[in-house]
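Below are the chains, spelled out letter by letter.
2 protein chains.
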Amino acid sequence: MSDSDATPIVSALDPRSDLPGALSAWRMLLGDVGVMVDEAALDRYARSTSSSSRRPAAIVRPRTRDEVVQIVEIARRCRTPVYPISTGQNWGYGDACAVFDGQVIVDLGRMDRIERVDAELGYAVIQPGVTQLQLAKHLADNDLPFWIDCTGAGPNSSLVGNILERGFGHSPYGNRFQTIAGMEVVLGTGEVLHTGFGHYPGARTTHVYPYGVGPFLDGIFTQSNFGIVTQLGLWLQPVPEAFCPYIVLFADDKDLLAAIAPLRTLRLNRILHSVPHIANDLRALASDAPFPRDRLPGRARLTPEVRAALRKEAGIGAWSMSGAFYGTSRQVALHRKLLKKALSGLNARVLFLPRRRLAAGKRFARLFGNLTPFRGMEKKVRLGAALAGMHSGVPTGAVLRGCYWRHRDGVPSGFSDDTDLAGDRIGIMWMAPIVPFRREDLALLNGEMDALHERFDFDCHVTLNMINERALAAVYTIDYDAEDRAETARAIECYEAGVRRLFELGYPLYRASVWGMGLVASGEGDTFWDAVGRLKGVLDPDGIIAPGRYDRLQAGAALRPRQA
Amino acid sequence: MSDSDATPIVSALDPRSDLPGALSAWRMLLGDVGVMVDEAALDRYARSTSSSSRRPAAIVRPRTRDEVVQIVEIARRCRTPVYPISTGQNWGYGDACAVFDGQVIVDLGRMDRIERVDAELGYAVIQPGVTQLQLAKHLADNDLPFWIDCTGAGPNSSLVGNILERGFGHSPYGNRFQTIAGMEVVLGTGEVLHTGFGHYPGARTTHVYPYGVGPFLDGIFTQSNFGIVTQLGLWLQPVPEAFCPYIVLFADDKDLLAAIAPLRTLRLNRILHSVPHIANDLRALASDAPFPRDRLPGRARLTPEVRAALRKEAGIGAWSMSGAFYGTSRQVALHRKLLKKALSGLNARVLFLPRRRLAAGKRFARLFGNLTPFRGMEKKVRLGAALAGMHSGVPTGAVLRGCYWRHRDGVPSGFSDDTDLAGDRIGIMWMAPIVPFRREDLALLNGEMDALHERFDFDCHVTLNMINERALAAVYTIDYDAEDRAETARAIECYEAGVRRLFELGYPLYRASVWGMGLVASGEGDTFWDAVGRLKGVLDPDGIIAPGRYDRLQAGAALRPRQA
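Top to bottom, those sequences are chains Y and X. As numbered in my numbering, residues 13 to 576 make up the first sequence, in order. As numbered in my numbering, residues 13 to 576 make up the second sequence, in order.
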């Protein structure tokens, strides 16, 4: 763990760096439109949902793999590091920001080609600029019987970017690292590396089998800074004959904890065969309305009484779990029964949301939603439909509504699916440890994290996500008012204390934010990070790619409040 | 591809190597029993099912991780490379042999501790000497409700060794690389590296989530020579409520080909949720009896007429597929229906082998097996029972019977589960390409491989294994008489021509044999192997671990007939 008290911001720029030379060479390569240095652009890329931002020195925007190669070669020659982003929607983890100030962003957003979809074997070959919406639409427009796995990051977020951060979705393909095969990577040397079988001329199996022969390298290009991934093969899930989303409601904390063992049994036996997400009440409340400043002036955390009242008004319990079943009609019917049976005897309400019910709900809410007894129903139906969509290959930004909890104006009236959280000056930081799928670990961690948030006067927003059969990826969120300097400083303290505590307790994060890299990649004498540093040294000997990203360089750099 | 005509055997020994010094230091460390140099031992480790063998200079046998560290440190100091094996049963791919002659084998067979089984989360932490039988027995003896995934390599083969070669089994956990979490590796530097979360002190999630935070490294320690894996976390599959093995019989080649599309649909939709294996008639025939030398003197390949006659005598078709369903009774019943339905209208016979049927078959065969109409039934029942066992966590050596096809004496009368193929002087070589799960690719490849075998006068034994939802791992086997020098030389030619052809056609191997490393790890100017070489350079700077194993060192070394 780094010591936050004594650590100045470090610039990764080599004093011998020739930025003007690099910029002029990049302009030759990409034209003026491909290299941005105007203040407005730099400001835009510096915007962040985080407690701190990083202002780039320039943004370069390649359109092709070969341009990426040349960008890297120029960067090496001019000793000017570059920091790749896909579409810059790494919300809450760094957005479009580099780890250090003054870096050159390589925005891969213009590399948005869907190179190929194999409709027989079910995979797509895509570039980093391809968004969730774009691929989903491509499949729909071409009547291809496949769905993508969606995350809640919104329709315009990059698939490749999320996968390289080892993000996860909701569907049976939600453990996304297990659904890729065949990467193309531009190394820090400028070499183009094809992983798996891709480096054998004419190989026909590059995108159907990830490992190739010899060392399996894909893993080292996730959460790292060894190269720039310019293409990968992504497996698509076949559209099932039947599909049924469900929601399970738990009235109280103890009801969820009592359900953990039966849920684990279902997950281990792949009856829960997707990646269900379990959210606490605050996540649900936050989607509806912001923190009630009028009821709790000067506070940033709900009192137990207000929280209970809000829950009651919204008609929700402590936790709700959302998932879906996929298969033939009979399989889905059977799985529904098995879920009901496993939770029978517990205080858990299981609701199934087949398409026809959602459609009927929509009609009903439109007709009667203004009558008192049905007020709020439209919102719920809308959220249900968004979740159902997300489980079936239709990306949505709806769950991002919850990020406006501490925003003074709440969710903007013009909120749309392609909301720009950074532009809206949202304040969120996620602490995302992996937790064994076990009641004791979860009870301990939920207690610890809630106490921590209480200490810093924040609400503890939580989701628990069944990333695999044995583990939950928990996300504890700090929602703070990014316009309030004192609250922002407190949020940073809370974040750093929280991350430290998670490591102390033995639950390390599965993913780091741009400003929290130093918290994971430290540890003097840790052979793991020693080895990672040496791998970096031979794949990117000049340290040209994303310095500080999942490496020790940033171990000395601390968080700092964003410039107002 | 290397040129086999002009390539001498290379010794990997550094001329400055101080083998006597190393031996004496290892003896100090391990005692006399831990260091073997006697001729009998060297002979035993040199035995090989392959067309060539490698004779080691010594065998060292550590009992602990720390001893491995010291073995590596001594090896570095004395410039004497070491070649790790787990239990030395890498049948058909190199057995217990190193890539080069004169290397020191590190036999990890005495590191056979099951460190821990977590009966709640379903994983074991094991050392490389732990065998399939040992872990299966441990689970049974302790009434732990989990099964291991089995391969056909026999009860005494190592789990870790097979996983590091990216081998595959039969069960839902058959894609074995996806069922591990948390490795401990002694690097060539002598450092001890823990992957995933394992390097964070006190981490509680090392064995429930493989990726950790930062680059995911496990992949680079499979099919490589960067370190010695001394421990890993292995996920165990929960014993299902119901379990039903099945066999599908295809009368003719065209019947299998017609079934490929519906089988792929079932696999993509995870109705086939294990790793079914499809074997051709020769594999089945070979389990029963050796090549009929009396009917075809001087030949090593069946004529079409004899092959048809043998098929008829054995009552089998061209192909048979073996798999199993796992789940609740209703799930299994439903899956059985779905399989039957998908294949209805095709010329395919589906047989289910629930436990009670196998038990009845056993009784029946014992009572009536000597009566003419039921002759051979006992063998079939025995094979069915072995397959069913293999699908449900009971390792067996029964499928190794098929390796005796060209052996002059056939399967020995005393054949047991722990048969020693190398000791029995079996001649087998596998060519194992990955094939897209598609009729056209499979038809092309089966045709090419059979023509190749015909050209060299060998039978083409085939299995097609559904390693994932989009690919088949095909295994084309050359069975040859290892006592016949001319036949052995022909087998080598056939192997080299076959491997070359597979790469030319675009279907690279998923795994290489010790003597075929040069065929996969060549390609001047291939960035992949360049990068692999550089990774080697920083994880094992003195080239102390397994020189030639999945690296370019051996690109110059050719096959050669084993010494008679």
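These are computed hints drawn from the structure, not numbers from a lab. Do not take every clue at face value.
Any copy will do: because identical chains look the same in the list, a pair fits if it lies in one copy or spans two.
To be verified - With a cut-off of at most 20 Å between alpha-carbon atoms, the simulated SDA-like pairs for lysine to any residue come out as follows: (1) K352 <-> R342; (2) K353 <-> P250; (3) K391 <-> L379; (4) K353 <-> R342; (5) K352 <-> V81; (6) K266 <-> R450.
All figures in this text were calculated on a predicted structure; none of them were measured in a lab.
These are the hints, each one checked on the structure:
Taking the shortest alpha-carbon separations for K352 and R342, both the intra-copy value of 15 Å and the inter-copy value of 15 Å come in at or below 20 Å. For the homomeric pair K353 and P250, the shortest alpha-carbon distance between copies (19 Å) is at most 20 Å, but the shortest distance inside one copy (28 Å) is not. With identical chains, the CA atoms of K391 and L379 are at most 20 Å apart within one copy only, with a shortest distance of 14 Å there and 71 Å across copies. For the homomeric pair K353 and R342, the shortest alpha-carbon distances inside one copy (16 Å) and between copies (14 Å) are both at most 20 Å.
For the homomeric pair K352 and V81, neither the shortest alpha-carbon distance inside one copy (54 Å) nor that between copies (52 Å) is at most 20 Å. For the homomeric pair K266 and R450, the shortest alpha-carbon distance inside one copy (13 Å) is at most 20 Å, but the shortest distance between copies (50 Å) is not.
Going down the numbered hints, you'll see the structure goes against just number 5.
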